[in-house]
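S.K.: For reference, the chains in residue letters:
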Amino acid sequence: MTAIDQPPKATFRIDMLWTDSRYRSSFIQVVALFLVLTLGYLLIQNVLANLAALGKEFGFSFMRTPASYDINQTLLDYTSRDSHARAAVIGILNTGLVAVVGCLLATLIGVLAGVARLSRNWMLRTVVGVYVEGVRNIPLLIQILLVSALIIGTLPQPREFRGEDPAATMYFWDSVAFTGRGFYFPMPVMNEGSWIVIAALFAGIVGAVVFGRWAKARQQATGEVLPVLPIKAAMIVFTPIVMFLVTALFVPGWPITLELPALRGFNFQGGIFARESYVALTLALAFYTGAFIAENVRAGIQSVSKGQTEASFALGLQPGRTMSLVILPQALRVIIPPLISQYLNLTKNSSLALLIGYMDITGTLMGITLNQTGREFETLFLGMAAYLTFSLSIAGVMNLYNENTKLVERTSATGMGFSVLSFFGSATGRWEQLKKGDAVMHDNYGIRGFLNLFVLFYAIWIALLVNYVFIEGASELRPSYWDWGFFKQFTALGMIALSGAALATCLFKNARFIDMVALEFLFFVFALLVGFPFAALTDSLSFVLIVAGGAAIRLAIFGYTMFGARPNLTFFHRIRPQGA
Amino acid sequence: MSETTSNVAYVASGPIAASPPPANSTGPVGWLKENLFRGPVNSAVTVILLAIILYLIPGIIQWAFIDSVWVASSLNECRELGNGACWAVIVERFPQFIYGFYPEEERWRPNIAFILMIAAFAFALFDKMPYMSEAAYQKIRPYGLVFAACYPVIAYWLIWGGSIFGPILFLATPVLAYFVAQGIDKLEHAALPPAFAALPLGFIGGAIFALVWLVFLIGPLTSMLSVVPIGLVEVESRQLGGFLLATLIGVAGITLSLPIGILLALGRRSGLIFIQTICIVFIEFIRGVPLITLLFVANSVLAYLFPPGSNLDIILRVVIMVTAFASAYMAEVIRGGLAALPSGQYEAADAMGLNYWQATRLIIMPQALKISIPNIVSTFIGLFKDTTLVVVIGLLDPIGLITNIQATPEWNGIIWEFYIFTGLFFFIACFAMSRYSLYLERKLATDRR
Chain A
-15 MTAIDQPPKA TFRIDMLWTD SRYRSSFIQV VALFLVLTLG YLLIQNVLAN LAALGKEFGF
45 SFMRTPASYD INQTLLDYTS RDSHARAAVI GILNTGLVAV VGCLLATLIG VLAGVARLSR
105 NWMLRTVVGV YVEGVRNIPL LIQILLVSAL IIGTLPQPRE FRGEDPAATM YFWDSVAFTG
165 RGFYFPMPVM NEGSWIVIAA LFAGIVGAVV FGRWAKARQQ ATGEVLPVLP IKAAMIVFTP
225 IVMFLVTALF VPGWPITLEL PALRGFNFQG GIFARESYVA LTLALAFYTG AFIAENVRAG
285 IQSVSKGQTE ASFALGLQPG RTMSLVILPQ ALRVIIPPLI SQYLNLTKNS SLALLIGYMD
345 ITGTLMGITL NQTGREFETL FLGMAAYLTF SLSIAGVMNL YNENTKLVER TSATGMGFSV
405 LSFFGSATGR WEQLKKGDAV MHDNYGIRGF LNLFVLFYAI WIALLVNYVF IEGASELRPS
465 YWDWGFFKQF TALGMIALSG AALATCLFKN ARFIDMVALE FLFFVFALLV GFPFAALTDS
525 LSFVLIVAGG AAIRLAIFGY TMFGARPNLT FFHRIRPQGA
Chain B
4 MSETTSNVAY VASGPIAASP PPANSTGPVG WLKENLFRGP VNSAVTVILL AIILYLIPGI
64 IQWAFIDSVW VASSLNECRE LGNGACWAVI VERFPQFIYG FYPEEERWRP NIAFILMIAA
124 FAFALFDKMP YMSEAAYQKI RPYGLVFAAC YPVIAYWLIW GGSIFGPILF LATPVLAYFV
184 AQGIDKLEHA ALPPAFAALP LGFIGGAIFA LVWLVFLIGP LTSMLSVVPI GLVEVESRQL
244 GGFLLATLIG VAGITLSLPI GILLALGRRS GLIFIQTICI VFIEFIRGVP LITLLFVANS
304 VLAYLFPPGS NLDIILRVVI MVTAFASAYM AEVIRGGLAA LPSGQYEAAD AMGLNYWQAT
364 RLIIMPQALK ISIPNIVSTF IGLFKDTTLV VVIGLLDPIG LITNIQATPE WNGIIWEFYI
424 FTGLFFFIAC FAMSRYSLYL ERKLATDRR
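Residue numbers (my numbering), protein chains in the order written: chain A, -15 to 564; chain B, 4 to 452.
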């Protein structure tokens, strides 16, 4: 009665591994780990045995050998004597070209079609509905082949443009020619003084952004609404035109002229030539993806409840401003994420280029190079890595945008504008925050903003290194990446991955001293490993700048990270200015 | 009172009937005004679209129906008979579009497989049958489910042929494993230390037996038994083609990707770090690369992953990769459904004392799947459309057949008819699927209204 017995000590039984919640999760994971390792071991054994049986080896040195095939449309110079690596780069650029132009066109088509599907006009609604449903339910491959056949079969051949009374004519004052062999556009030629015009264009854009901010601040202070859009448009359009005319007074000829495609012999010469396979692929992808985007846009606009419109009208806003200030900001939050994943799909679908003879990364690296060298593992690995990079970077942009809209949601007074300046502002922190607001509460807040710049600097460095290792033609002094031993190649890849991971940590999490040191360390090991030409770099900059500046920056940062407040290097976890 | 009434000239004794709406706001005229001619811009759009349609449609009808040729033996003959569409090529090659190069005298086999497939799906999907009493259907349903479970093996045997013993021995695996497990459970195992007494020895033994049986025993036994010549003529994978191939890959990918996708989605949300990492890496990798590259892998690299000497069939390899592809997308769709469930559902399941699998099976999954039905179906549609991509590795799906037929001297030069025909086939199939998903969505939306 005096003492309560201790509960009997539970003896361990084997079934407690999967019935007792204390052990269960560890047990399951250990079993899974065991199974995965076993499977991986078996697969690697099989691969090695199979490769040995065929007398093949694993390595990337074949990327240095001459490709000896032609690529019919290239953005950079390329001849068949160039290496497989360069052919792969040409392919990647071609994929990028289709993806960028296709995404722009698809967005245009999708937004128009999505809005048209909500039109009160029955005819328009139905026609667009037929387009969307039809295109979405037919395999993309059939559509690409169909568009390709349409272009080749129905458009005139270049020879039909010849003669006194030609069967075909060019459009837009003889500047654009649509032929069955491809489309010809005029090409701007940069003459003397052209940089002034281009600078004027940028100045106009910057001026428009600055004016927009000023107008917004003024509206919030005084309530006066300025005609922002016409003034912005005028600034962007007229500044370069005025500068164009002014410059023309001082230089011989015009600063920028257009080189028109002209018929010479049996074909057009000059201008920009878009090969028929490229045009067919881009158009088919744009119409296909546009139909999906149209559905996203429609769903996004419909997701904003009618009460929002009515409330906006009740406040006395005009329909145009209701759309731009009330409906669109809310609809965009719904539209953008699926829109970006449609961009992703378009990029991946562009691999169908293979079937109509457009030489993208699938056609060069995973097509001809694979067939010529018989290196299935290496080429497919590199090709998939290229697509993964495309995909992950687009996904990264999407996250960036999501974070941005989420923040804007909290301080909605700043509006939706996703401008370069606001992006840069979110990267560094605003200048005002160095002096006022919450910064008082946090030591050295402003410096943290500049630390973000430091991280950006690292990002640029990684890009440079990757470019140096993989893309740039190897200099005479060092063997190319593709010629290294397998171990060194593997280590270099691992180092790039680790640096990228450390960078990502710095960007998206709270970086600490140890992260910075790890990053520094990785970079130097990596740079030494790949033989990065420090000498060439230092020659081009002054000694004092390199040594003194670099040392000072690093010392400051290490000191700060060690002794200062824990730096918050992330883009998005920064402190919001109150009521900005 | 009487004074006032006498002064008034007219008093309404009842409500005045509402006058009919203006003639131009109801009926066909009203509809036209409301939907087609509301304001100048709207009217202009209508007129322009109408003009375009009127310009295009007669030409298309003329080409496709009036001037078209339905019976001819070559393109030249077509052109002599009429200058419209030459549907004769579709008519002549129709069997090829359906079966590819499947031997003509054996084509009853895919037909039967197709009919059996419909039956298997009916048993697996429907709780009741039309024209059949509920009780009668419930009586045969268990057998139907067993049949549905066996159907993949039956279909494999019907389409590829070969000795009947391989499929039979394969189907016998679970039965034999069950008996082995029962046998082990009946044995005395007092020798085990008490800590291990709870080991499910029968289950482990059965699993080991099944593995050994599948990997080591079936092959030799089949070759021993196949001395007895019962079976069908073997058909090689390269002979399969057309819509048969598209349907085969599509159906296999669809049915396999759903369960694998569910497992991947559960793994990604499980909170077990290691399992979660595996699932995330798999899903993000597959979703990050185009299907074409995975088909290249199926064509050239996948065979390296299997033991030397094992000659994996090309269609099997394609199905593996297509399934992996669809599973990753399916996992994300289902994860979306899981995330959309209010957390109260999880907590309620915990409060009821259900364990993880009970809660998942009875509470979470039914609701999560219901939420994700539209997206699941659009993944199916995408997968079915993507079956056309197998042409890149030289399989003769409908598009591969187009190139093939275009290369023959009789039909060289025909383009549009092929694309219109195959496009129409896929459109009908995919559009029907998407309409069915809309119907299902409306039928299952019991909680919303």
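Mixed in with the good hints there might be a few duds.
Only pairs whose alpha carbons sit at most 25 Å apart, straight line, appear in this in silico SDA-like list of lysine to any residue [to be verified]:
#  : chain 1 : residue 1 : chain 2 : residue 2
1  : B       : Lys36     : A       : Pro322
2  : B       : Lys36     : A       : Leu96
3  : A       : Lys290    : B       : Leu39
4  : B       : Lys142    : A       : Val114
5  : A       : Lys40     : B       : Val304
6  : B       : Lys36     : A       : Ser103
7  : B       : Lys373    : A       : Arg109
8  : B       : Lys373    : A       : Pro322
9  : B       : Lys142    : A       : Ser103
10 : A       : Lys290    : B       : Val304
11 : A       : Lys200    : B       : Gly42
Far from chain A, some chain B residues (derived; all Cβ distances over 12 Å) [what the hints assert, rightly or not]:
#  : residue
12 : Thr49
13 : Leu228
14 : Pro232
15 : Leu261
16 : Lys373
17 : Ala435
By construction, these hints were calculated from the structure, which means they are not laboratory data.
The beta carbon of each residue, even a glycine, is placed where N, CA and C say it ideally should be.
S.K.: All hints, please: hold or fail.
M.R.: Cross-check of the supplied hints:
A hinted pair counts as satisfied when its Cα atoms are at most 25 Å apart, and Lys36 (chain B) with Pro322 (chain A) does not qualify at roughly 36 Å. Restraint check for Lys36 (chain B) and Leu96 (chain A): the C-alpha separation of about 24 Å stays at or below 25 Å, so the hint holds. The straight-line distance between the Cα atoms of Lys290 (chain A) and Leu39 (chain B) is roughly 23 Å, inside the 25 Å bound, and the hint therefore holds. A distance of roughly 45 Å separates the Cα atoms of Lys142 (chain B) and Val114 (chain A); the hinted pair therefore is violated under the 25 Å criterion.
Of the pairs offered as hints, the one joining Lys40 (chain A) and Val304 (chain B) holds, with about 13 Å between alpha carbons and a cut-off of 25 Å not exceeded. At roughly 14 Å between alpha-carbon atoms, Lys36 (chain B) and Ser103 (chain A) fall within 25 Å of each other, so this suggested pair holds. A C-alpha spacing of about 30 Å is found between Lys373 (chain B) and Arg109 (chain A), which places the hinted pair above 25 Å, so the restraint is violated. At roughly 21 Å between alpha-carbon atoms, Lys373 (chain B) and Pro322 (chain A) fall within 25 Å of each other, so this suggested pair holds.
Between Lys142 (chain B) and Ser103 (chain A), the direct Cα distance comes to roughly 53 Å. Violation of the 25 Å bound is thereby established for this hinted pair. At roughly 55 Å between alpha-carbon atoms, Lys290 (chain A) and Val304 (chain B) are farther apart than 25 Å, so this suggested pair is violated. With a CA separation close to 35 Å, the supplied pair Lys200 (chain A) and Gly42 (chain B) exceeds the 25 Å bound. For Thr49 (chain B), the requirement that its beta carbon stay farther than 12 Å from each beta carbon of chain A is not met, with the minimum near 5 Å.
Separation of Leu228 (chain B) from chain A is adequate, the least Cβ-Cβ distance of about 29 Å exceeding the 12 Å criterion. With a least CB separation of 34 Å from chain A, Pro232 (chain B) remains clear of the 12 Å interface cut-off, as annotated. Every CB of chain A lies more than 12 Å from the CB of Leu261 (chain B), the least distance being 21 Å, so the non-interface label holds. Listed as a non-interface residue, Lys373 (chain B) keeps its Cβ farther than 12 Å from every Cβ of chain A; the least gap is roughly 19 Å.
Separation of Ala435 (chain B) from chain A is inadequate, the least Cβ-Cβ distance of about 9 Å not exceeding the 12 Å criterion.
Of the numbered hints stated above, those contradicted by the structure are hints 1, 4, 7, 9, 10, 11, 12 and 17, listed in ascending order.
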